[in-house]
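Residue numbers (my numbering), protein chains in the order written: chain A, 522 to 1047; chain B, 971 to 1257.
One or more hints might be untrue.
[What the hints assert, rightly or not] Derived DSS-like pairs (lysine-lysine); straight-line CA-CA distance at most 27 angstroms: (1) K858(A) - K1014(B); (2) K1212(B) - K523(A); (3) K982(B) - K849(A); (4) K1212(B) - K849(A); (5) K1158(B) - K855(A); (6) K1229(B) - K1019(A); (7) K677(A) - K1094(B); (8) K1096(B) - K1158(B); (9) K1158(B) - K1094(B).
Hints in this document: simulated from the structure, not taken from any laboratory.
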Amino acid sequence: MKGKIILMLHAHLPYVNHPDHPYFLEENWLFEAITETYIPLLMAFERLRDENVPFGITVSVSPPLIEMMADRTLMDKYKRHLQSLIELAKKEVSLTKNEEPLKHKMALKYLEDFESYLSFFERYGNLINAFKESAKDGNVQLITCNATHGFLPLMKVNPRAVHAQIAIGVKAFEERFKMHPNGMWLAESGYYPGLDNELADQNLKFFFVDSHALWYADIPPHYDVYRPVMTPSGVFVFARDPESSEQIWSAQLGYPGDWNYREFYRDIGFDRPFDYVRPYIDPSGVRTNTGIKYHKITGNVSLGDKELYDPDVGIQIALRHAKDFAQKKALQIKRLKDQMGIDPVIVAPFDAELFGHWWYEGPKFLEFFLKESSGSEIFETSTPDRVINSIDEVQILTPAQSSWGANGYNETWINGSNDWIYPHLHEAESRMTELANEYYHTSDPLYIRALNMCARELLLAESSDWAFIMTTGTSVEYAVNRTNTHLSRFLEIYDAIKSHNIDERSIELYEWLDPIFPYVDYRVYA
Amino acid sequence: MKEEKTIRQLKKEAMSLRIKGYYNMTKAELAEAISKRKMELAKKMREIDKMEIEELRGLSKEFNLKIPWKSTRANFVKKLKEFFESLKLGQEIEKTPPSISSMSVYEEKITVVPKQSLPSTYYKDKFVGLEVNQNWIHFYWDFSPQTYEIIKNHPHVVLRIYDVTYIEFNGTNAHRTFEMEIDEKMRKYYVYVPQPGADYLAEIGYRENERFIPILRSNLVSTPPSMPRMAQMELWMDLRTKRKFTEIGPSRKILRIEKLTGSASLPTSGARSGGGSFFFLSGRRGS
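Could you put the whole structure together from the sequences, leaning on the hints where they help?
Set out below in structure tokens:
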């Protein structure tokens, strides 16, 4: 038998959808992630399948992402965005003919890639289909995440709100993918003892935790983090291997920092003459990234001193890194197997957007790694479903409260920059449960619409992303606005319901503005 | 009168009129933008009969009216007119835009409250503890008017914390009891507690003649453990038979070497990689 490596990519972005605006800066988060991460990854999986390479990888597709990918208006916007990117790449191809050859080479590559992304997108019609297709043969296992990526350890004072996050997370996946997810990625790996009961109730077979959830568990883990364990409620738990994360993640030591890789921050949105890039940046005239970048990391030099990127060199380095990573994993697995006397299971979770968006060569690295691993005698890449089916005995323990955030607990999501949100969130959560109990049996369609809208506004306000952004300090204003907007809308509709004064037009407006989870049922809060 | 609308109503209106950037506008800006936009749309409405089909399509798209692309010109005109009428633009043009002087009074009023006005209190007794990490707990509280009446008359408001790990707390049997005087108007505090992996309860009250009178009690707050626990026994399950069995004297198979942190001077907290890298590394907007 071989050791197992479970690569777990968490694909998530907060729900940003502004149908009331033809252009909205923050919608570009999604557009960039689709172009730079999701499509390149899906295309890599497709190539591996076509080449009959056996591999295993897990992708959690968060419900906000699922809902955005299912939104016609937003996806039409994406298509226009990609078309305009292609237009820009064409201009770049002709412009760079008279510039450095490396630039021209890269411009041609961008054009070719973007055009292939567009035809990929059009071939599937939408990305939901593309993800679903990738999971067909079991090499890619898709799982879900809690509804709007709410950070559950800070929600546990309202157990029904936690229940709703889990239940709607499962429902969203089932509604859109037409299949049951066996596992869930808990937002930010935020776990606390007892949460596993909720997961068991939703028929979820497994979830992921950070390493110290096992290290500080009620009973020490027999095999450290290198075998899945089971909670008393019967749910399997996979814990993060710190070694794998560090090799890839670390900004200084990890692979993505190689000087030959493409530089993220140097973008033609800032380099080209204003009138030329004008149609491809923020309509307000603020320069933004376009996605076309010609420079490499180069070293510890200022952005202005970066040298030109050579895509062929970038690819070679990615291949070398993939081989190196495979070698390191083989050594680690051999070492662990000697100590354990049983096949180790190594769990390496990452934010999916690291690959491609931040680390341009990341999807290639993964493809190379999966291919390289398929020839290994020592280990294979696998999925939780396959691992669970292969084990005979499992240790039962209760993991400790933990998250994968800075310092391992909750301080990223509750600190001086964002603690003001919790009194409001908690109040809204308890009012939601109050409404659900009070109107559980109502049959008035307008009340049902208003109650469901309350649930949507609450769920959107609960996204851990807003608190996270307030902590990190980029786009804070937007995060504050979103929190306030959804809470205000919640309170407004709550008041309208309680005073029996529901304005159908305003419900209609909110349904149009915040169309997430059209199938939501507020009774989940009762 | 237009000025009677709340900022929320104005935003809603701005939204339905597709005014760009309404999110960040002050009340005065909103009122002005709405009035300007309405005049602009009223002008468009008057010209609608003369518009080319492309322009009509553009307009219907802008307002997401979902008029089929291949509709006749007449149908576009009809639908757009209906829509514009529903916006009640007519009433708007008779009115003059709000004068600067009347708005500045408003500005003064709304700068007192935060830009977006969530209630500053829900007028309910509430006292909630949230663990921040293994040693810090965040508390926030809110008072009903009755409770506030009591508390405001006492100069020494006190926050008490009880370590009640494995205890059925009866008010006097805590392992340890901590207290500090607080300013109840802060409505929140972060407190340091010595024990990871412990259960804490807190009370807010006041001191009267050396006695502590509790008023509100918090939920139970469990600090996360931050070190390995001891155990006499491991619990296992045979997955084929679904039978549980135990192993005595846990034998850890792996010697884990833990990271030792240290430096010549006291370090600031190091940011470990983790959730939300998309924003963590985000260079957009001014970095």
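Failing hints, ascending? 1, 3, 4, 5 and 6
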